[in-house]
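To get the numbering used here, take the position in the sequence shown, counting from 1, and add 879.
Bear in mind the hints are in silico, worked out from the structure with no lab data behind them.
Hints are supplied without guarantee of correctness; some may be wrong.
Pair by pair, the computed Cβ-Cβ distance ranges are [as the list claims (entries may be wrong)]:
| no. | residue 1 | residue 2 | range |
| --- | --- | --- | --- |
| 1 | E904 | E1118 | 36 to 44 Å |
| 2 | R979 | R959 | 27 to 35 Å |
| 3 | L934 | L1079 | 26 to 34 Å |
| 4 | H970 | S1041 | 35 to 43 Å |
| 5 | E1058 | H970 | 31 to 39 Å |
We put the CB at the ideal spot given by N, CA and C, even for glycine.
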Amino acid sequence: MTATRQRVTLDGVPYHVEVIRRRREPPSAPRLITVCYNPTAIGVEVTRVGVESILRHTPGRYELWVVDNASPPELSAWLRSIEGVNVVLNHTPPVPPDKRGWRARLGLRRIRPQEQMSFGSYANAVGLELGAWAIEPDVEQVFVMHNDVLALRDNWLSYLQSKLSQQVRAASMVQDTAEGRIRALHVSGLLFDFTLFHELGMSFYPQPPRLDVGDRISAVLRAHGYGEFVCRNTFNEPELVEWIPEDDPLRRIHADRAFDDDRNVIFAHLGRGTPKATGHYKKPGKTYPEEWVRFAREVVLA
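Construct the entire structure; sequences and hints are all you get.
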């Protein structure tokens, strides 16, 4: 294991980070990157079961990177001891430069971690940029995901990899449908050819109103004539819930569920994980973190 402290400048802002590397694979092994901000104990558990599901259901060689965006030290300490996972502990709360205020820019006020909640897309983008910075530039494939996900079958990653080709350079679990945006492959679960990331000038930063976090990857690939793949899933096609047997607990979970070609659910995304875990998102009929974690413990990780 190696552990280093570094200062990284992103979007004109210096970020103070610790990098803990426990696993090192060749560039041909995919890098899996997830970003979290966990100000509550249940938020930690959402991230933890996601990480454990990846470790449980991802055979072969890969590196899993968890980027923590300034969670309270007592709620990020577990990342210092989790086996087989590389970690970036970002100690600088990610807030856009033009939203930091003159006192913060002059060093007269410290940005509070909870301020990033008002800029979720930007904060997620900074975390993903830190992940891209931490890995080697010659890595071939990167899979980015939200922290509130569950890998459900051992073929989840190999299935996405099988869809990439010389023409198709990205594959995702779901596709964004937000009005006014570009229907990009969604970063809640997106595999793409990282050899093009620097070459074609990609980044994860949002550019409202048309580009959300990570949408630039789809925009750049399309501009250069590359194709893309999206799994059949219950977010884009809600009626596909009928593919799930009635007695399967996955049918009762209100989450985005992605299928392989044999109609097996291979991956699930809770959605709004951090807002739900902090009480900022409450709607009837949704699955919330406590139920999600219980499902993960009793079904996915049992």
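### Cβ separation of L934 and L1079, checked against the hinted range 26 to 34 Å
32 Å, holds
### Task
Please test the hint of 27 to 35 Å on the beta carbon pair from R979 and R959.
28 Å, holds
### Message
Is 36 to 44 Å respected by the C-beta to C-beta distance linking E904 and E1118?
### Response
Because 39 Å falls inside the window, the suggested range holds.
### Task
Starting from the range 35 to 43 Å, see whether the pair H970 and S1041 falls in it by beta-carbon distance.
Since the Cβ atoms of H970 and S1041 sit about 39 Å apart, the hinted range of 35 to 43 Å holds.
### Task
Take a look at whether the Cβ-Cβ distance between E1058 and H970 falls inside 31 to 39 Å.
For E1058 and H970 the Cβ distance comes to about 37 Å; the hint holds.
When each numbered hint is compared with the structure, no violation occurs for any of them.
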